[in-house]
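A.B. asks: My request is simple: use the sequences and hints to build the entire structure.
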Amino acid sequence: MRNFNKEQSSPLDYVDIKVDDESHISIKKKEVCLEKCENKPCTYYCPTRVFSWQGKQNEIRVDYQRCIECLACPYGCPYENIAWEYPHGGYGVIYQRS
Amino acid sequence: MKSDRYDAIVVGAGPAGSTAALVLAQNNISVLLIERGAEPGSKNMFGGSIYRQPVAKIIPAFWKEAPLERTIVSDELWLMDKNSAVKVGFTGLDFNQEPYNKFSVIRSNFDYWLAQKAVKAGAKLITSTLVTDLVYEKTGLLTEKVDGVKLDNGEIIYGDVVLLAEGANAPLTEKAGLRGKIESSDLFLYVKEEVALPAEVIESRFQLSENEGSNIGMIGYPTAGVSGRGGIWTNKESLSIILGGYLNQINNKGLSPYQLLSNFKAHPLVNRLIAGAETTAYKAHIIPKGGYTNLPQFYDDGVLVAGDAATLVSGRRGLDLAMLSGLYAAETIAQAQAAQDFTSKLLQNYEKKLKNSFFIKDIKNQKGKNQYYKKHPDGDFLISKATNKAAYQFFTVGLEEKKAKFKKIKSNFLNIESDQKLLSDLYSGLKHWRFF
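Residue numbers (my numbering), protein chains in the order written: chain X, 1 to 98; chain Z, 1001 to 1436.
In short, the hints are calculated from the structure, not lab data.
Note that beta-carbon positions come from the ideal geometry of N, C-alpha and C, so glycine has one too.
Be aware that one or more of the hints could be misleading.
Unchecked claim - Derived DSS-like pairs: lysine-lysine, alpha-carbon spacing no greater than 25 Å straight-line:
{"#": "1", "chain 1": "X", "residue 1": "LYS40", "chain 2": "Z", "residue 2": "LYS1375"}
{"#": "2", "chain 1": "X", "residue 1": "LYS40", "chain 2": "Z", "residue 2": "LYS1253"}
{"#": "3", "chain 1": "Z", "residue 1": "LYS1082", "chain 2": "Z", "residue 2": "LYS1389"}
{"#": "4", "chain 1": "X", "residue 1": "LYS36", "chain 2": "Z", "residue 2": "LYS1253"}
{"#": "5", "chain 1": "Z", "residue 1": "LYS1150", "chain 2": "X", "residue 2": "LYS18"}
{"#": "6", "chain 1": "X", "residue 1": "LYS40", "chain 2": "Z", "residue 2": "LYS1181"}
{"#": "7", "chain 1": "Z", "residue 1": "LYS1057", "chain 2": "Z", "residue 2": "LYS1352"}
{"#": "8", "chain 1": "X", "residue 1": "LYS28", "chain 2": "Z", "residue 2": "LYS1421"}
{"#": "9", "chain 1": "Z", "residue 1": "LYS1117", "chain 2": "X", "residue 2": "LYS36"}
{"#": "10", "chain 1": "Z", "residue 1": "LYS1082", "chain 2": "Z", "residue 2": "LYS1064"}
{"#": "11", "chain 1": "X", "residue 1": "LYS29", "chain 2": "Z", "residue 2": "LYS1352"}
{"#": "12", "chain 1": "X", "residue 1": "LYS30", "chain 2": "Z", "residue 2": "LYS1181"}
{"#": "13", "chain 1": "Z", "residue 1": "LYS1374", "chain 2": "X", "residue 2": "LYS40"}
{"#": "14", "chain 1": "X", "residue 1": "LYS29", "chain 2": "Z", "residue 2": "LYS1181"}
{"#": "15", "chain 1": "Z", "residue 1": "LYS1138", "chain 2": "Z", "residue 2": "LYS1120"}
{"#": "16", "chain 1": "X", "residue 1": "LYS30", "chain 2": "Z", "residue 2": "LYS1253"}
What the hints assert, rightly or not - Here are a few chain Z residues that sit away from chain X, every Cβ distance over 10 Å (derived from the structure):
{"#": "17", "residue": "SER1108"}
{"#": "18", "residue": "GLU1183"}
{"#": "19", "residue": "SER1204"}
{"#": "20", "residue": "ALA1277"}
{"#": "21", "residue": "GLN1297"}
To be verified - A few chain X residues that face chain Z, going by a derived Cβ cut-off under 10 Å, partial list only:
{"#": "22", "residue": "PRO11"}
{"#": "23", "residue": "ASP13"}
{"#": "24", "residue": "VAL32"}
{"#": "25", "residue": "CYS42"}
{"#": "26", "residue": "THR43"}
{"#": "27", "residue": "CYS46"}
{"#": "28", "residue": "CYS70"}
{"#": "29", "residue": "PRO74"}
{"#": "30", "residue": "ILE94"}
C.D. replies: What follows is the structure, given as structure tokens:
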């Protein structure tokens, strides 16, 4: 998986996620990312980098398994092109008790 | 009573929902509390600290039983530049005595405890369960009221009143037509790392005695020109390092929150506080900062909204306001049960209680504050830069006449900020910090 910075560290090393079978995040219209969206901000504002641009396929890839449910993506997308739903009950991020 | 019907159903076992469930159960009202996480608290994060006065209104002397980290005795604000900081702050050791002022907590522990408290009082809690829809009952030719919820397993559970305490993202509240669309310019995005350090190391680095804690808020350099803040909060054997800002500004500047946090941790004045600490958790969440004009409709027939779902956030206060709104909602539901009237005519008492509260007044008084930072996202950054530059010059011991020195400081200050902009940034900055 892609790394976040020079030190090759990933914050996901410190997160527990119970991954659901199906994605709770989707791109509504691929054309919008391709034709309208210049900067593709979802690829950097997402704190766990769920979104990445796939040059070959010309589309945003959604790694929903990385999502910690901060809820920034549906609001941050300038074209409101990200559909986000809650993962099924019990799935997704689990911040542990200590 | 049939087992699939409750007097009240609460969606979301966060601070608002669990408080409401607790108070309802204490009033002998049958209440079902539904949480989508594996446990209450497993989805929740904040800075942060909780405040004694509002929480004690709901649970007197809660500090004797709640999972608290440290008693906060010290608050600092750092205006930061690349390798310097102008610091203002207050340490009051009276705050380490009963009845205290505030405490650092970790939400996965605190929210769990609060929900269990509701359970012990008689509330029924189900976890790992997502509410997907509200269920309506026809009450007339054109009227209907909320009468229950639909779960993700298809099951329907009925309740006289449903309290939506579903958090910042509030799909049910939106679907019910109670809340409009939230813009990214009204949202803060926070990221946070918890890093482990032995208690003695924390106490020596932050000049604390046992159990005492310190909060440091930091503006300027850490958010790279985005209006927001960084911060370090002391827990028992860990530090919370937070960083956040307006989502639209993070987007416009092309910033990655995790990278910002990494840079923040590498700042020489931050790094010496966290040196040697191992990261144990990484968390992120949005906070609705919509202010007065974005407050939702708080009630409708058979339904109420509380906490973040109702965008009840004022400055750095959110958790305590959520709990108070949960309390008011529960009081209103108790009245509704007594009168057996679940229409908005009675439930509007909830809004009255909220509007009389100090925090809605605060939110109202802050009207326009967000506007300033929308127009001038660089306000905090420039003020921090200018004050640090001035401080370097002020504290540099040189060979020139005092008068000349001050003249130079002044002109340098004005090079970064024009006269008029300086005044308005300062004024807004101070107003902003007042709610810190």
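A.B. asks: Give me the numbers of the hints this structure contradicts, sorted from smallest to largest.
C.D. replies: Violated hints (numbers, rising): 8, 9, 10, 11, 15, 17, 18 and 24; every other hint is consistent with the structure.
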